[in-house]
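Residue numbers (this note's numbering), protein chains in the order written: chain A, 1 to 377; chain B, 378 to 636.
Worth flagging that the hints you see were computed from the coordinates, not collected in a lab.
The beta-carbon is built from N, C-alpha and C at its ideal position, and this holds for glycine as well.
Hints are not guaranteed to be accurate.
Estimated spans, in silico, between C-beta atoms of each pair [to be verified]:
| # | chain 1 | residue 1 | chain 2 | residue 2 | range |
| --- | --- | --- | --- | --- | --- |
| 1 | B | 448 | A | 336 | 40 to 50 Å |
| 2 | A | 278 | B | 470 | 56 to 66 Å |
| 3 | B | 533 | A | 318 | 52 to 62 Å |
| 4 | B | 494 | A | 16 | 36 to 46 Å |
| 5 | A | 66 | B | 448 | 36 to 46 Å |
| 6 | B | 533 | A | 75 | 44 to 54 Å |
| 7 | B | 604 | A | 8 | 52 to 62 Å |
| 8 | B | 494 | A | 75 | 24 to 34 Å |
| 9 | A | 281 | B | 584 | 54 to 64 Å |
| 10 | B | 581 | A | 184 | 28 to 38 Å |
| 11 | A | 8 | B | 445 | 19 to 29 Å |
| 12 | A | 74 | B | 516 | 21 to 31 Å |
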Amino acid sequence: MTERMRIEAILRELFEVAARPGVSVAKRAKRGKPLVGVLPYYAPEEIVHATGMLPVGVWGGTADISKANHYFPPFACPLVKSALELAIRGVYDGLAAMMVPCLCESLTFFGQNFRAARPDIPFVPVVHPQNRRSPEGVAYLRAEYQKVQARLEAIAGRKIAPGDLDSAIGIFNDHRRALRAFLEEAPRHPSLVLPGVRHAVVKSSYFMDRAEHAALVGELTRHLKGIPEGESGRGKKVVVTGIMAEPEGLMGLFEDVGLDVVADDLAQESRAFRTDVPDGGDPLERLARRWSLVEGCSLAFDPGKERNRILLELVRRSGARGLVVLMMQFCDPEEMDYPLYRKDFDAAGIPVLHLETEPRMSLEQARTRLQSFAEMI
Amino acid sequence: MYALGVDIGSASSKAVVLNGGGEVAGQAVIPVGTGTTGPERALREALEQAGIRREEVSRTVATGYGRVTFVGADRQVSEITCHARGVLHLVPEARTIIDIGGQDVKVIQAEPPGLVRNFVMNDKCAAGTGRFLEVMARVLGLEVEQLAGVAETSARTVSISSICTVFAESEVISHLSRGEPMPDVLAGIHQSVAKRVAGLVSRLGARPPLVLTGGVAKNGGVVRALEKELRLEIRIAPSCQLTGALGAALIAREDLSRI
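Using the sequences and the accompanying hints, generate a full structural model.
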């Protein structure tokens, strides 16, 4: 098999996982590992892994909302609303537990609504402190993770053995490094790693064992490095920011209108694996310290607004001609940040497109905006 | 060599043919848009006016909501780029372009020769668009073309507070049933459109001169209400419904010079 054929085979496999996560997850469940649903963001998935269970990303979907309207008002985050709808419809019936970080109001409400709607699925809340850089904040989060560990151990019916959590941290850090290396290499192959493909490679990680995913992505990156750079200059380079590059078809529009995604600052993508778990100390403390190291994320208290600088640097370093903001509808944390970094981008003369997204958005309106932006930059 | 621009909107279809000298040889506006016979009829009418056959067109650029599905275009360009190109051709000093179409409103910051510096569009809501006015005209038992004339006789403006088209329709009906004069209610409808559009303009910042395009630009009542809301003079683009198609034809012509 040639290098290019192997690349295409891996991309096909990951694309399939991202396009049909239910099928992928069901296949892995047959191997005997209990599944734990994990809502965004910054959940200590390493603890789930160490208990012998498989963490599975729960990022909502494109379901028509009907039953979730009983629990949420119309102007609620579509991610959690669709996740609840799917939970009520039974899509998550096979889960051993649902882990829910409470990093925004919507997730907090989701947690309470989920408990009421699906009392049969064990609920594992995770409350991160926003005073996260003080020693007290780290100590608090360590204690919180200790509770999470005890709860997950009870659900799994087994204790985490000494060394298992450190080993899980190693696997997850390796996975983060593998994804970062892939995203570093991807812009050199714009005709092969199209925006939709790039998104699928990252998204697929939420529905696979991290070690398995890291191995595939690592092999993919090695093969990509082994082939000549793809032709450049066809598409216009942009950076995307926001929560996630959904719904399905959105990234296809980027391809249609000639926009190449050369870097991202999405909560589901780069932000999720930008920060490694640091070395030193006991594993729960290491996990807690990771949260204190997170920078430039709307979900993490950022008094100096480092995100503005990080985003500007990302655009400049990647050679992008503009920034596309994929603004999740009714997402307070992202909406709070937007005017601040927008001001800096305007001052720097870097074009910005604000595109509101939601699972059932009109892709035709989005096409006009994206195409106009591509023609403008 | 002829260049053709086709602008297929949600409410109407427009076509402009440019001759080798860059002059308008034919143009047409058909009051039905994408998914109808409108695009084909607009094309036929513009070609007839130019006195040429379809085969004599060397390059076609499609724009508007129906641009992707239009068969026969050499390429498609977004309506934002085309409106900027068309308006700046006609009014080179224009810096802010407001296009109020059938189902969307676009505000464009532009610079010669046809560059888009920035733009905003309305989101998922028909308030402030041509469709909103069509619904209101139906409630009032008027044709859209009659709206401006009737509103001119208003003595005061009856405020319409609902943004949603459906709720605004109910509000208009309740004002009429309470005995409010139709011209006063209509003035309120125009003010409602103007407020919505002015909100979009303020997101970009209004750099004069402001030029209004699209079918709604023919409604003097909306234009006056918008001027009042923005406290700025608004110019109406010549052939205001055709600026998108003109821009598309100009781009087709530029393509030809490069091929």
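Verification of the hints:
1. A beta carbon spacing of about 46 Å between residue 448 of chain B and residue 336 of chain A agrees with the range 40 to 50 Å that was offered as a hint.
2. Against the hinted window of 56 to 66 Å, the Cβ-Cβ separation of residue 278 of chain A and residue 470 of chain B comes to about 59 Å, which satisfies the hint.
3. At roughly 56 Å, the beta carbons of residue 533 of chain B and residue 318 of chain A sit within the given window of 52 to 62 Å.
4. In this structure, residue 494 of chain B and residue 16 of chain A meet the distance hint of 36 to 46 Å, their C-beta atoms being roughly 42 Å apart.
5. Taking 36 to 46 Å as the suggested C-beta distance range, the pair residue 66 of chain A and residue 448 of chain B conforms, at roughly 38 Å.
6. Residue 533 of chain B and residue 75 of chain A have their C-beta atoms about 34 Å apart, which leaves the hinted 44 to 54 Å range violated.
7. Under the hint 52 to 62 Å, the C-beta atoms of residue 604 of chain B and residue 8 of chain A, about 59 Å apart, fit the expected range.
8. Between residue 494 of chain B and residue 75 of chain A the beta carbon distance is about 32 Å. The supplied range of 24 to 34 Å therefore holds.
9. The hint said 54 to 64 Å for the Cβ distance between residue 281 of chain A and residue 584 of chain B, and at roughly 57 Å that hint holds.
10. Between residue 581 of chain B and residue 184 of chain A the CB atoms are about 36 Å apart, so this pair conforms to the stated range of 28 to 38 Å.
11. For residue 8 of chain A and residue 445 of chain B, the Cβ-Cβ distance of about 28 Å falls inside the hinted range of 19 to 29 Å, so the restraint holds.
12. Remark: the range hint 21 to 31 Å for residue 74 of chain A to residue 516 of chain B is upheld by a beta-carbon distance near 25 Å.
The structure fails hint 6 only (numbered hints given earlier).
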